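Following the hints, position chain B against chain A.
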Amino acid sequence: MAAPATPEAFSLTYSMFSLLLILFACVELGDAASAVHVYRLIQYDLAGVPLGSRISGLNHHAVSFPVDPDADLSRSALVVPLLDLDLSFLRDYITNKKLLGGLVILLPQKLSSKFGEFGKNVDLSRVKSVLHELEDLLVHSELPYPVYFAYESSTFDNLLGDIRGNNFSTQPATSTNGGYKLVISAPEAKKLSPPTISNFQGWLPGRKDGDSDQLPTIAIVASYDTFGAAPSLSVGSDSNGSGVAALLEIARLFSRLYSNPKTRGKYNLLFGLTSGGPYNYNGTQKWLRSFDQRVREGIDYAICLNSVGTWENDLWMHVSKPPENVYIKEIHEGFSEVAKDMGFSINVKHKKINISNPRVAWEHEQFSRFRVTALTLSGLSAAPEFLQSTGNLHDTRKSVDEKVVVRTVKLVAESLARQIYGHKGKNIDIFADSSSLAVNSHHIRSLLDLLSRTPRVAPFLSKNDPFLAALKKELSDHTVEVHVQNELLDGAFTFYDSTEATLNIYQVAGVTFDFLFLMVLGSYLIVLFSFLVITTRGLDDLINIFRRPTVRKSKSV
Amino acid sequence: MTLFHFVNCALLTFGPHVVYYSATPLSEYDTIGTCVKAAVVYLVTALVKLVCLATFLKVPENEGFDPYQELMKVLIGFIDVAGLYFALTQLTHRNISQNHKFQAVGLGWAFADSVLHRLAPLWIGARGLEFTWEFIFQGLEANANLVMTLSLAALGSLMWLRKNKPRTLVPTIYVCAFLLATMPSITRFP
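Line by line, the protein sequences give chains A and B.
Note that the first sequence ends on residue 557 in the UniProt record's numbering; no numbers are left out.
Note that the second sequence ends on residue 190 in the UniProt record's numbering; no numbers are left out.
Any given hint could turn out to be false.
Stated by the list, open to error - Facing chain A, according to a computed beta carbon distance under 10 Å, are these residues of chain B, among others: (1) L11; (2) S22; (3) L129; (4) I136.
To be verified - Computed spacing ranges between beta-carbons, pair by pair: (5) V18(B) / M519(A): 15 to 21 Å; (6) G161(A) / V18(B): 40 to 46 Å; (7) M148(B) / G161(A): 37 to 43 Å; (8) L43(B) / F515(A): 35 to 41 Å.
Everything labelled a hint here was simulated from the structure, so no lab data went into it.
Owing to the predicted nature of the structure, the values given are computational and were not obtained by experimental measurement.
In this text, a Cβ means the ideal position worked out from N, Cα and C, and glycines have one as well.
Excised from the complex, chain A in its bound form (with noise of 0.2 Å):
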């Protein structure tokens, strides 16, 4: 009986004994109170110049405010919740060059699609501006000092209540007096191989009356990276997540149009997909480059979508000819005669290019540096400073309404297809909402929804990034000749790594406890050895343990 048993006990023993060294083994990995994922700051060089959060590593004790302006902070962590954080006192401390020793940003839940609804009610219009002053503050200058960002959660709003509850703002916490201990175990940033930025293209060509020589072409365009403090929270739903989706949804009605010899058009399609949107367009400069001169001049002219998912009531064409001019009267005619039957106008911005500037605010303006008629639609009223706009934190899915998307797709698609089927002026409805050419706005919510998903900082996607692919088959499914053009980032850039990193958060007794409990300890054990000498020996032994000592002292001497 018990001989068939001893194997089997055995396994036993021995999964017992694994299952403890397990045990063991989770114990010493997850002994922080509690880890958290946080994003970090961009760290780039911009020709040399050091930007962004400089150091990755962070071990510190956790502050927040109000903290003494006169404090030295630069051995502790300033933990605030985005909406606490004194921008003067940031500007303050960047100026004058004063170190922390580290910035944790807590970004209110609500701009997370991760949360759902279930964050605590704020003023979104009011974290909008926050978080633009703030990202335009961190992205361009440079912090010595590791700054993360994190999304708000009980963990942190415990570690804020018990701060200010110890009230360590009137003297900060140091290793004697306990705390929270903020640590982040990342290795220092590397630099970057030099970005490679991916075009892609697709053609819907037009049909061909016999011996007709060269089509005429339209293209449209939509830069689909991002930019953003956070390079692994920007997303960019808006600029230009919007413009992408109103672009592959262009593309798959005119490719229901198109697949039909009846009803192909007079017009090659061009659908461009184009990178580097951030940096002067530096994408779209080397795509229209790549092009052959008799191509370059066969686009008729060219729309570029950006920023298509916020606008209200106006929609904005901007251009760098000057309104007069006749090529650019007749588009924004065509747009604004669909644009007076949906209900809304379309307004032309002009804006002169300074070729000798090297900023680039729109992507038309590098079609126009080509001789090529373009504009860009947006919901943007003003040209965006360079490195704004393009996929800030508050930039996401929730931002953007795909029902605006959606208007924005008929407008355009309804203005082409009155202009490539010549009904210009007609009052046809084209691509109707109960028709089979509708707007398909499942298809728009979820390319936002895949697009708000994925942060897409050009230095960070690499060339065979799933996304890349999956907008290659997004494109290749409604186009044709669908070509994919990798080329290297121009410009002083240097991106460094590590964007994403894990807090571990853990409460600390200070030295001072450890003193203290080492004091009760040792009276305990005294107290402990003195009774047993007594009730075990009898009072004068233990008074003779201390006596001998001195007596072989006088001894010796």
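Chain B alone, transformed into the frame defined by chain A:
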């Protein structure tokens, strides 16, 4: 400062054993050999207990109360008593008085228990940055365990080694011994 905390906790866990040994006449009569032998017996007992637990106990699928399983647990708990019995009666010691013998056995037993159950978690856990009360409580538990083991050894020595027991006290001794032996099973159900 975590090494400091570890030292503190280790002092709390193992200090009382050392103090007990050095403060009582145990040190004067050089009973360290008995302590070591008791510790070895404890190790063997623990191994046997582990094998028995693995062989006879099922992994509970639900949190229900299974009388058979509980009985098994109590019976396996008595392996400890058997081990103590062996240590007290079968081990031949040099001329050691009965009085010192049970103390030495109890002390070695409790010390081995502390080392086996508490040293590894302490080494891994208390050196981490995170502060918890867990290891301080564990140290206090080790103190309580020392007292319990000594009492159990004292009772055992009363039962098995002393010849002239007062008649009236015998049932009390047995009830106490039973309660002590089943203490681990009892404390599991708060």
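Can the hint on L129(B) be confirmed by a CB-to-CB distance to chain A that is less than 10 Å? Constraint on L129(B) satisfied, holds at 4 Å.
Supplied distance hint 40 to 46 Å, evaluated on CB atoms of G161(A) and V18(B): holds, 42 Å
Is the hint on S22(B) kept, meaning its closest Cβ partner in chain A is under 10 Å away? holds, 7 Å
Go through the hint on L11(B) and say holds or violated, using the shortest Cβ distance to chain A against 10 Å. Holds - the Cβ of L11(B) comes within 10 Å of chain A, reaching about 6 Å at its closest.
Can you verify the interface hint for I136(B): is its Cβ closer than 10 Å to any Cβ in chain A? Hint on I136(B): holds, closest Cβ of chain A at ~8 Å, below 10 Å.
The hint says 35 to 41 Å between L43(B) and F515(A); measuring C-beta to C-beta, is that right? holds, 36 Å
Between the beta carbons of V18(B) and M519(A), is the distance compatible with 15 to 21 Å? holds, 19 Å
Per the hint of 37 to 43 Å, is the separation of the Cβ atoms of M148(B) and G161(A) within bounds? The hinted range 37 to 43 Å holds for M148(B) and G161(A), with Cβ atoms some 41 Å apart.
Of the numbered hints stated above, none is contradicted by the structure.
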